[in-house]
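Trainee: Based on the provided sequences and hints, a complete structural model is requested.
First to last, the protein sequences are chains X and C. Position 259 of the first sequence, counting from 1, maps to 258 under numbering that gives the first Met the number 0, and the rest follow consecutively. Position 145 of the second sequence, counting from 1, maps to 144 under numbering that gives the first Met the number 0, and the rest follow consecutively.
Among the hints, erroneous ones may be present.
Short, incomplete list of chain C residues facing chain X, as computed with Cβ under 10 Å [claimed, not checked]:
no.: 1; residue: Glu13
no.: 2; residue: Gly46
no.: 3; residue: Tyr58
no.: 4; residue: Gly59
no.: 5; residue: Glu171
no.: 6; residue: Ser196
In silico lysine to any residue, SDA-like type, Cα no more than 25 Å apart, as pairs [what the hints assert, rightly or not]:
no.: 7; chain 1: X; residue 1: Lys246; chain 2: C; residue 2: Tyr58
no.: 8; chain 1: X; residue 1: Lys32; chain 2: C; residue 2: Arg105
no.: 9; chain 1: C; residue 1: Lys150; chain 2: X; residue 2: Asp7
no.: 10; chain 1: X; residue 1: Lys173; chain 2: X; residue 2: Arg162
no.: 11; chain 1: X; residue 1: Lys2; chain 2: C; residue 2: Ser140
no.: 12; chain 1: X; residue 1: Lys269; chain 2: C; residue 2: Gln57
no.: 13; chain 1: C; residue 1: Lys17; chain 2: X; residue 2: Gly228
no.: 14; chain 1: X; residue 1: Lys266; chain 2: C; residue 2: Lys154
no.: 15; chain 1: X; residue 1: Lys282; chain 2: X; residue 2: Val161
no.: 16; chain 1: X; residue 1: Lys3; chain 2: C; residue 2: Lys154
no.: 17; chain 1: X; residue 1: Lys3; chain 2: C; residue 2: Thr126
no.: 18; chain 1: X; residue 1: Lys269; chain 2: C; residue 2: Tyr58
no.: 19; chain 1: C; residue 1: Lys104; chain 2: X; residue 2: Gly97
no.: 20; chain 1: C; residue 1: Lys30; chain 2: C; residue 2: Lys70
no.: 21; chain 1: X; residue 1: Lys3; chain 2: C; residue 2: Asn106
no.: 22; chain 1: X; residue 1: Lys266; chain 2: C; residue 2: Lys31
Read the hints as simulated data drawn from the structure, not as lab findings. Just so we're clear, the structure is a prediction, and the values are computed from it rather than from any experiment. Glycine included, every Cβ here is placed at the ideal spot set by N, Cα and C.
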Amino acid sequence: MEKKLGTDNVKRGMAQMQKGGVIMDVVNAEQAKIAEAAGAVAVMALERVPSDIRAAGGVARMADPRIVEEVMNAVSIPVMAKARIGHIVEARVLEAMGVDYIDESEVLTPADEEYHLLKSDFTVPFVCGCRDLGEAARRIGEGAAMLRTKGEPGTGNIVEAVRHMRMVQAQVRKVSVMSDDELMTEAKNLGAPFEILKQIKESGKLPVVNFAAGGIATPADAALMMELGADGVFVGSGIFKSENPEKFASAIVQATTYYTDYELIGKLSKELGRAMRGIEISKLSQEERMQERGW
Amino acid sequence: MTVIGILGLQGAVEEHAKQLQTLGLEAEVIKKTEQLEEIDGLILPGGESTTMRKLTEQYGFLEPIREFSAKKKPIFGTCAGMILMAKELSGVEEAHLQIMDVRVKRNAFGRQRDSFEAELDIVGIDTPYSAVFIRAPFIESAGEHVEVLAKYDGKIVAAREGHILTCAFHPELTDDTSFLQIFVKMVEKHKQRLKYSLVEEGRQSP
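Mentor: In structure tokens form, the structure reads like this:
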């Protein structure tokens, strides 16, 4: 009985098991345990949450392996970690540590301004950010097994995640009704691999799951992204920058599961305390917009 | 028409629903306990067992699913579903539904990098079955009424106990519906028996 590791089924399937769930950013074992107890499907182990990365400035790198290890030892749910765009060695180190999923993330300072990782080379699966179908298809072409909207991380402002989710959905719909002879020009226009577009046209959907990320701060934000067709949500700064992380975490999990039960979401949102402080996107300079990173 | 419910709190719900539909069955996503009344069989899908566990408790699914099982209505648990159904969990963790006489070990094959695909010989399926294991559990020990359906590397990865079917792998991630069909047959047999016993009762009454 031959055993095959790191196949597409195994990598993409892992993300499918996360569907309808919430993946939470954590910076230590204590936060990881709060996230697990609240019902998170996975945690993202980081040195700082995106809003603190924003505040700190400078170069943001892969987390200290001690933090990643501390989180891995603290919980039994999957642990994800971020590597810089194009940083082959950070990704290999995380893979060697046994991290369950790597986020090649624009939240960190890119290591390569031209090339992303060849993710199909790895046994560990990858998630990548996207703002449109071209970017989504390029990442899938490189081997990403899961996608997420980029949104605008660390802002607590949902507007960019909504824009990116709507954009990808609209472009998938457009491609799925295109005639075969229009597809190559569309591939050229989107900068998307033709074969991936062809698959999307045939199946009418992306071949990997697509979560929402980048600006989710409340239970209603999470439910909104589900309503718009997200397969699940990442919450970065939204939980541990809120007044009551335990309550916030549990409320966001429940709102994601029951995203059309508005009465429940109203009830969950009561007495939650203050959400994280948000940032208006237009107040960010071009250099401060993390979503512009990635190519 | 046979209706099979899929516990829809989290995980690969849609994948199971699609497979059921290709077999011409009706799939119902279960988000509220009262929906359990309307279905002939229940699938506990793959996903994160800790999340499903938390939500089943919060939303009062524990007793209704146990009652569903007490009526001998067929239940099929894949991966996380196996963990939820086990009478005992290896290590310090407390068991959850406790409706199947097995002791299950979580993440038993290792972390995600150890997740794998392999061909299995399964009792009741003639050709080798290509199975996808993702951070999968296995059954460490099983009670005397549990029938072992498949092993991988000496570990029990598929089993049946009366009206309960389980596997550590993910039939919903492939196009092969042969394992799911074992469950569908269980559901259809149960429906027939139910119909027969109702007729019997009818005959006995004046």
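Trainee: Each hint needs a verdict: does it hold in this structure or not?
Mentor: Evaluated hints:
1. Annotation: interface hint on Glu13 (chain C) holds; nearest CB of chain X at approximately 7 Å, less than 10 Å.
2. At its closest, the beta carbon of Gly46 (chain C) sits 5 Å from a beta carbon of chain X; the interface hint therefore holds under the 10 Å criterion.
3. This hint holds: Tyr58 (chain C) has a C-beta 8 Å from the nearest C-beta of chain X, less than the 10 Å allowed.
4. Against a cut-off of 10 Å between C-beta atoms, the interface hint on Gly59 (chain C) is violated, since the closest Cβ of chain X lies about 13 Å away.
5. Against a cut-off of 10 Å between C-beta atoms, the interface hint on Glu171 (chain C) holds, since the closest Cβ of chain X lies about 8 Å away.
6. Residue-level restraint check for Ser196 (chain C) is violated (minimum Cβ-Cβ distance to chain X is 37 Å; threshold 10 Å).
7. For the suggested pair Lys246 (chain X) and Tyr58 (chain C), the alpha carbons sit about 16 Å apart, so the restraint of at most 25 Å is met.
8. Of the supplied pair hints, the one linking Lys32 (chain X) and Arg105 (chain C) holds, its CA atoms being roughly 17 Å apart against a limit of 25 Å.
9. Using a Cα cut-off of 25 Å, the hinted pair Lys150 (chain C) and Asp7 (chain X) holds, with the two alpha carbons roughly 23 Å apart.
10. Proposed proximity of Lys173 (chain X) and Arg162 (chain X) is supported: the alpha carbons are some 16 Å apart, at most 25 Å.
11. Distance restraint check for Lys2 (chain X) and Ser140 (chain C): the Cα-Cα separation of roughly 23 Å lies within the 25 Å cut-off, and the hinted pair is therefore satisfied.
12. A threshold of 25 Å between alpha carbons decides the hint, and for Lys269 (chain X) with Gln57 (chain C) the separation of about 18 Å falls inside it, so the pair holds.
13. With a CA separation close to 17 Å, the supplied pair Lys17 (chain C) and Gly228 (chain X) stays within the 25 Å bound.
14. A hinted pair counts as satisfied when its Cα atoms are at most 25 Å apart, and Lys266 (chain X) with Lys154 (chain C) does not qualify at roughly 46 Å.
15. Taking the CA atoms of Lys282 (chain X) and Val161 (chain X), the gap is about 18 Å. The hint holds against a cut of 25 Å.
16. For the hint linking Lys3 (chain X) to Lys154 (chain C), the alpha-carbon distance of about 17 Å falls within 25 Å, and the restraint holds.
17. Restraint check: the Cα-Cα separation between Lys3 (chain X) and Thr126 (chain C) comes to about 19 Å, which is no more than 25 Å; the hinted pair holds.
18. Proposed proximity of Lys269 (chain X) and Tyr58 (chain C) is supported: the alpha carbons are some 18 Å apart, at most 25 Å.
19. At most 25 Å may separate the alpha-carbon atoms for a hinted pair to count; Lys104 (chain C) and Gly97 (chain X) meet this at roughly 19 Å.
20. Annotation: proposed proximity of Lys30 (chain C) to Lys70 (chain C) holds, straight-line Cα distance about 20 Å (limit 25 Å).
21. The straight-line distance between the Cα atoms of Lys3 (chain X) and Asn106 (chain C) is roughly 17 Å, inside the 25 Å bound, and the hint therefore holds.
22. At most 25 Å may separate the alpha-carbon atoms for a hinted pair to count; Lys266 (chain X) and Lys31 (chain C) meet this at roughly 17 Å.
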